[in-house]
Amino acid sequence: MPRYATHVLEPPERRATQAARLRLVIELEGVTKHYPRSNRPSVEDVNVFIDKGEFVFFIGPTGAGKSTIIKLLLREEIPDKGKISVGDMDVTRLRRWKVPAYRRSIGCVFQDFRLLPNRTAAENVAFALEVIGKPRSVARRVVPEVLELVGLGGKEHRYPNELSGGEQQRVAVARAFVNRPLLLLADEPTGNLDPDTSIEIMRLLDRISRTGTTIVMVTHDSNIVNQMRRRVIEIENGQIVRDQARGVYG
Amino acid sequence: MRAKYVMSEVFLGLWRNISMTVAMIITMTVSLSMLGFGLLLYNQVDVIEEYYQTSLEVVIYLDRDVTEEVTAQIESDLKSNDLVAQVEYESKEDAWKRFQETFEKSPDLVASVDAEVLPAAFRIKMKNIDQAEELIAQFADREGVYQATNQKEILQQVFDILGGGQRLTLIVALVQGVAALMLVANTIQVAAYSRRREVAIMKLVGAPNWFVQAPFVMEAVFAGVIGALFAFGIVAAAKVFVMEGQFKNLFSLMPPVEWNSVLLLLPILVGISAAISAITAWITLRFNIKV
Chain F
1 MPRYATHVLE PPERRATQAA RLRLVIELEG VTKHYPRSNR PSVEDVNVFI DKGEFVFFIG
61 PTGAGKSTII KLLLREEIPD KGKISVGDMD VTRLRRWKVP AYRRSIGCVF QDFRLLPNRT
121 AAENVAFALE VIGKPRSVAR RVVPEVLELV GLGGKEHRYP NELSGGEQQR VAVARAFVNR
181 PLLLLADEPT GNLDPDTSIE IMRLLDRISR TGTTIVMVTH DSNIVNQMRR RVIEIENGQI
241 VRDQARGVYG
Chain R
251 MRAKYVMSEV FLGLWRNISM TVAMIITMTV SLSMLGFGLL LYNQVDVIEE YYQTSLEVVI
311 YLDRDVTEEV TAQIESDLKS NDLVAQVEYE SKEDAWKRFQ ETFEKSPDLV ASVDAEVLPA
371 AFRIKMKNID QAEELIAQFA DREGVYQATN QKEILQQVFD ILGGGQRLTL IVALVQGVAA
431 LMLVANTIQV AAYSRRREVA IMKLVGAPNW FVQAPFVMEA VFAGVIGALF AFGIVAAAKV
491 FVMEGQFKNL FSLMPPVEWN SVLLLLPILV GISAAISAIT AWITLRFNIK V
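Order-wise, the sequence lines are chains F and R. First residue of the first sequence? That's 1 in the working numbering, and the numbers climb one at a time after it. First residue of the second sequence? That's 251 in the working numbering, and the numbers climb one at a time after it.
Okay, chain F solo, but in the shape it has when bound (with noise of 0.2 Å):
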């Protein structure tokens, strides 16, 4: 018996009935990565189900295949076996050409930001709405909007390199979130921040995933996680060793 089924808190019952499977947002059904020519963390027979509105830490040590189930997620890798559902879409058999279509469901935080530094905070989070062929009077209605709810009111107008650690990062998440995603994946997005700073931007995280916005992040941060109180899936050498709601670092 595989040593995370111990933890699972969710009843296999509970997530047979139709009405449990359209709450689920994502499905990971004993998906296994390999990168046999390189040292990159694989991961082995994953089962993860995450409801809409759920909040979620990934944690375990560096290596052990975080960073690797957040590519799959977005269909930066493909698994070898095994089968990922994100909302009514199944990444695995997803068309080439339908994978930005299907990223445009998915808002992404990283620890480096990724701003670009030729742009205006503003500029960074229109330029997702631009290349996804949203108009510009959507731009100028909605950019100062979701820029407003993460705490930028006014600074719309600084480059990146005008604005504080924090609120660059600031400026990520309304990125990530002015296309109203149905799931927010952030790759150790507090990593760095000061510890303060790293508590307001798990304030407006908290405050997206209250939208009905399904967060997955993955983290290092042992105080964050035991404050947050939320649900907590550890990683070990590419498996799931605990899955428990409302769990501490550990």
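It should be emphasised that the hints constitute simulated quantities derived from the structure, not laboratory data. Quantities reported herein were computed from a predicted structural model and do not represent experimental measurements. Mixed in with the good hints, there may be bad ones.
What the hints assert, rightly or not - List of simulated lysine-lysine pairs, BS3-like, C-alpha gap at most 30 Å:
hint	chain 1	residue 1	chain 2	residue 2
1	F	Lys155	F	Lys81
2	R	Lys453	F	Lys83
3	R	Lys329	F	Lys71
4	R	Lys342	R	Lys355
5	R	Lys347	R	Lys329
6	F	Lys98	R	Lys453
7	F	Lys71	F	Lys83
8	R	Lys402	R	Lys377
9	R	Lys329	R	Lys342
10	R	Lys453	F	Lys52
11	F	Lys134	R	Lys254
12	F	Lys81	R	Lys540
13	R	Lys540	F	Lys83
14	F	Lys155	F	Lys134
15	F	Lys98	F	Lys155
16	R	Lys329	F	Lys155
17	R	Lys402	R	Lys329
18	R	Lys402	R	Lys375
19	R	Lys453	F	Lys134
20	R	Lys254	F	Lys155
21	F	Lys81	R	Lys453
Chain F is already provided as a structure; the job is to place chain R on it using the hints.
Same frame as chain F, but now just chain R:
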């Protein structure tokens, strides 16, 4: 909005990598102008063939001591021959006169040749010059015939030279073309690398693939079109300054290269260059920007 974004990225990309852009345009220009000359030569061979089709003759030279009866017999046989359209007799005196006219600028040469040496001849216009060999076969061994010649054979050498020139230009065009395409591939790789941040973000937020690729493909197409325009300029300049300028006399031996056929090169060169550049860029991107 998106078109404006793509265009500004195109010019920024070309400018950021200006030395590579210039190298790309130069090689494309050389390749395409060679292709242009090759196509012109190809066209010119057709024009020359058509031009001479009507004026080419079979010439039957007679022995110097031929009798009048034999001459008259050959003439009547020629006139009744189905292959022949028109026969013209050139006596020794006519031949001497024509010789003097042809070489009137070289009196020494004229003086050195005895009027008696030049043979009388029949100049024959054929119904179809391609059947010249048949006629020559019929008359070459007859009594009183010194030699039967087909002017087309002489012209064949001109065609061979033109054909050789054409092959040479096409080979240079091909070699330069390969170099140009490798430069395109390299430029696209450099551009993709220098814009990897934007590309990564665009892919992350779900920009469609064509939109991510458009600036790069347009960069290649832009350079290709500029190269084609320069190449067209070179061919046009060659017509004005070489064919109708410095080497006018040499080129006046053959029918002139028409402006029409030169102008036709413009859309051909631009089209070929743009299409091949775009395809090269697109293929390069498939290896460099993975979805």
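These are the hints, each one checked on the structure:
1. Lys155(F) - Lys81(F): 46 Å, violated
2. Lys453(R) - Lys83(F): 23 Å, holds
3. Lys329(R) - Lys71(F): Roughly 91 Å separates the two Cα atoms, so the pair is violated.
4. Lys342(R) - Lys355(R): 21 Å, holds
5. Lys347(R) - Lys329(R): Satisfied, since the Cα-Cα distance of roughly 25 Å is no more than 30 Å.
6. Lys98(F) - Lys453(R): Judged against 30 Å, a Cα distance of about 12 Å means the pair holds.
7. Lys71(F) - Lys83(F): With a Cα-Cα distance of about 14 Å, the restraint between Lys71(F) and Lys83(F) holds, given a limit of 30 Å.
8. Lys402(R) - Lys377(R): 14 Å, holds
9. Lys329(R) - Lys342(R): 20 Å, holds
10. Lys453(R) - Lys52(F): 24 Å, holds
11. Lys134(F) - Lys254(R): Holds - the C-alpha atoms of Lys254(R) and Lys134(F) are around 14 Å apart, at most 30 Å.
12. Lys81(F) - Lys540(R): 21 Å, holds
13. Lys540(R) - Lys83(F): Holds - the C-alpha atoms of Lys83(F) and Lys540(R) are around 22 Å apart, at most 30 Å.
14. Lys155(F) - Lys134(F): 23 Å, holds
15. Lys98(F) - Lys155(F): Judged against 30 Å, a Cα distance of about 35 Å means the pair is violated.
16. Lys329(R) - Lys155(F): 101 Å, violated
17. Lys402(R) - Lys329(R): Answer holds: Lys402(R) to Lys329(R) is near 21 Å, not above 30 Å.
18. Lys402(R) - Lys375(R): Given that 30 Å is the threshold and the Cα spacing comes to 12 Å, the pair holds.
19. Lys453(R) - Lys134(F): 16 Å, holds
20. Lys254(R) - Lys155(F): 26 Å, holds
21. Lys81(F) - Lys453(R): Holds. Lys81(F) to Lys453(R) sits at ~25 Å (cutoff 30 Å).
When the structure is compared with the earlier hints, violations turn up for hints 1, 3, 15 and 16 and for no others.
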